[in-house]
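**Q** Using the sequences provided together with the hints, build the complete structure.
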Amino acid sequence: MTNQNTVFYKKSNIIKFFVLSFIGIFTFFVPITINEVKTISLDHIVTFVQDTFTVLVPYYILIVIVLGAVYPFYSKSWNKSIVEITLSLFKIIGAVVTILLVFDFGPPWLFDPNMGPYLFENLVISVGLIIPIGAIFLALLVGYGLLEFIGVFLQPVMRPIWKTPGRSAVDAVASFVGSYGIGLLITNRVFKEGKYTIKEATIIATGFSTVSVTFMIIIAKTLDIMDIWNSYFWVTLIVTFLVTAITTRIWPLSKLSNAYYDGKGQPEKIIKKDRLKAAWSQAMQTADEAVSLPKNIWHNFKDGFVMTMAVLPTIMSVGLLGLILAEYTSVFDIIGYIFYPFTWIMQVPEPLLVAKAAATEIAEMFLPALLVVDAPLITKFIIATLSVSAILFFSALIPCILATEIPISIPKLIVLWIERTILTIIIVTPIAYLIL
Numbered sequence: 001m002t003n004q005n006t007v008f009y010k011k012s013n014i015i016k017f018f019v020l021s022f023i024g025i026f027t028f029f030v031p032i033t034i035n036e037v038k039t040i041s042l043d044h045i046v047t048f049v050q051d052t053f054t055v056l057v058p059y060y061i062l063i064v065i066v067l068g069a070v071y072p073f074y075s076k077s078w079n080k081s082i083v084e085i086t087l088s089l090f091k092i093i094g095a096v097v098t099i100l101l102v103f104d105f106g107p108p109w110l111f112d113p114n115m116g117p118y119l120f121e122n123l124v125i126s127v128g129l130i131i132p133i134g135a136i137f138l139a140l141l142v143g144y145g146l147l148e149f150i151g152v153f154l155q156p157v158m159r160p161i162w163k164t165p166g167r168s169a170v171d172a173v174a175s176f177v178g179s180y181g182i183g184l185l186i187t188n189r190v191f192k193e194g195k196y197t198i199k200e201a202t203i204i205a206t207g208f209s210t211v212s213v214t215f216m217i218i219i220a221k222t223l224d225i226m227d228i229w230n231s232y233f234w235v236t237l238i239v240t241f242l243v244t245a246i247t248t249r250i251w252p253l254s255k256l257s258n259a260y261y262d263g264k265g266q267p268e269k270i271i272k273k274d275r276l277k278a279a280w281s282q283a284m285q286t287a288d289e290a291v292s293l294p295k296n297i298w299h300n301f302k303d304g305f306v307m308t309m310a311v312l313p314t315i316m317s318v319g320l321l322g323l324i325l326a327e328y329t330s331v332f333d334i335i336g337y338i339f340y341p342f343t344w345i346m347q348v349p350e351p352l353l354v355a356k357a358a359a360t361e362i363a364e365m366f367l368p369a370l371l372v373v374d375a376p377l378i379t380k381f382i383i384a385t386l387s388v389s390a391i392l393f394f395s396a397l398i399p400c401i402l403a404t405e406i407p408i409s410i411p412k413l414i415v416l417w418i419e420r421t422i423l424t425i426i427i428v429t430p431i432a433y434l435i436l
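FYI, this note's numbering numbers position 164 of the sequence shown as 164, with every residue one higher than the one before it.
Treat the hints loosely; a few may be bogus.
With a straight-line cut-off of 27 Å between C-alpha atoms, the simulated DSSO-like cross-links for lysine-lysine are [claimed, not checked]:
#1 Lys302 / Lys264
#2 Lys10 / Lys272
#3 Lys163 / Lys273
#4 Lys199 / Lys163
#5 Lys163 / Lys269
#6 Lys10 / Lys255
#7 Lys302 / Lys80
#8 Lys80 / Lys199
#9 Lys10 / Lys295
#10 Lys192 / Lys302
#11 Lys295 / Lys11
#12 Lys192 / Lys80
#13 Lys38 / Lys221
#14 Lys412 / Lys264
#15 Lys80 / Lys264
#16 Lys80 / Lys255
#17 Lys163 / Lys272
#18 Lys163 / Lys255
#19 Lys163 / Lys277
#20 Lys264 / Lys192
#21 Lys255 / Lys192
#22 Lys10 / Lys273
#23 Lys11 / Lys269
#24 Lys412 / Lys38
#25 Lys264 / Lys76
#26 Lys264 / Lys295
#27 Lys412 / Lys80
#28 Lys199 / Lys412
#29 Lys277 / Lys10
#30 Lys412 / Lys255
#31 Lys192 / Lys38
#32 Lys255 / Lys199
#33 Lys272 / Lys221
#34 Lys11 / Lys221
No lab work stands behind these hints, which were simulated from the structure alone.
**A** Structure (structure tokens):
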């Protein structure tokens, strides 16, 4: 008991828990205003880097993408499965496309503002900066007891509703406030530590790791619904997590394995009483066992950089393919007929347009908004919510998930996307009619 109390009240553990966790919380969750722009500190840091090194950033991104394309062949992982072979080939294509864009030569269609430049400037650069920079501060957020402390308090909410540990609430908030890249980085780190099962990690990755508030603002501005921003934000938040609560109870998520990474698990202890004492106990234990701050930061930065290498070339290739299919083919028009019965039954204004717009979300979450700019307000509200709630899209999030250690297949991700899209249409439509 004495040793345990020493750990609980050791001054260095208390300082690590409060000071380092506070810096992490402040960086990821507290919006501050700088130069009349109100956003989280991490976003300000990324913007500062982008603005200060404007000329160098594209070349940094190019280097990361080329390294990412070469890495599967260097590590001899490119031929482990059909998925790995396919992704490795797409990474090579992504590197070639990036070289053409950075050095400004190639076919005219690639330089259409809605094609290569849109993908590179709006997605690839921001993801390429936010994941490795965010990884540095992630060490403070999840390494010194905060995850365990919050987890104990949120067990009664997270487990019954979403079938995930209480600590997963941090992932959910990090994704919504920060970015899906950061959310997935947390999920992958905690999964590899044996604190999530395969099933729990997949639920979190596919149900909580949605686009950030920043992207929601871009959607709202595009669709001219900023005057109802608060309604849009809270409805989207509620609908997204309600859809996740349903998908956890149906195939494929319901049938996933409860095994841990490498078979070694550290399951969250179920706390029934003395919740504050148990939360403090677990937090202090984690702070006491934590590696030194420099080692922790280096470990997280390395994980973040490797994930960035894996994600960026795939975003450039798969994302571009999605944009090409949406712009030049009728593929998404055909896929849209999956959702047409639901948009028609729910009496969504312009049901066929909404169904087709919903289909494009699998390629890039911003595409649906571009298709309904001139639609009625209810239609715009439904699509704006759907763009966030459907979560899964090939231009960024799906490659991010595939870059983690979480074993989920592309066919299952597509089934999940269809389920989330249908459920969102069913849930958000009556709400839109009620509040607008």
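**Q** Would you mind confirming whether the straight-line C-alpha gap from Lys412 to Lys264 stays at or under 27 Å?
**A** holds, 25 Å
**Q** Would the hint linking Lys295 and Lys11 be met if the CA-CA limit is 27 Å?
**A** holds, 21 Å
**Q** Straight-line Cα separation of Lys163 and Lys273 no greater than 27 Å?
**A** Given pair Lys163, Lys273 holds - Cα atoms ~20 Å apart, limit 27 Å.
**Q** Assess, step by step, whether the Cα of Lys302 is no farther than 27 Å from the Cα of Lys264, and give holds or violated.
**A** holds, 22 Å
**Q** Taking only the CA atoms, is the gap from Lys10 to Lys273 under or equal to 27 Å?
**A** Measuring from Cα to Cα gives roughly 24 Å; hence the hint holds.
**Q** Does Lys295 lie within 27 Å of Lys10 when you go C-alpha to C-alpha?
**A** holds, 21 Å
**Q** Could you grab the alpha-carbon distance between Lys255 and Lys192 and see if it respects the 27 Å cut-off?
**A** holds, 21 Å
**Q** Hinted pair, alpha-carbon criterion (27 Å max): Lys80, Lys199. Please report holds or violated.
**A** holds, 23 Å
**Q** Starting from Lys264, check that the Cα of Lys295 is at most 27 Å away, please.
**A** Holds: Lys264 and Lys295 sit about 23 Å apart, inside 27 Å.
**Q** Starting from Lys264, check that the Cα of Lys192 is at most 27 Å away, please.
**A** holds, 9 Å
**Q** Would you mind confirming whether the straight-line C-alpha gap from Lys412 to Lys80 stays at or under 27 Å?
**A** holds, 19 Å
**Q** Does Lys221 sit within 27 Å of Lys11, going by the straight-line distance between their CA atoms?
**A** Distance ~48 Å between Lys11 and Lys221 Cα, so the pair is violated.
In this structure, the hints that do not hold are numbers 6, 24, 31, 33 and 34, in rising order.
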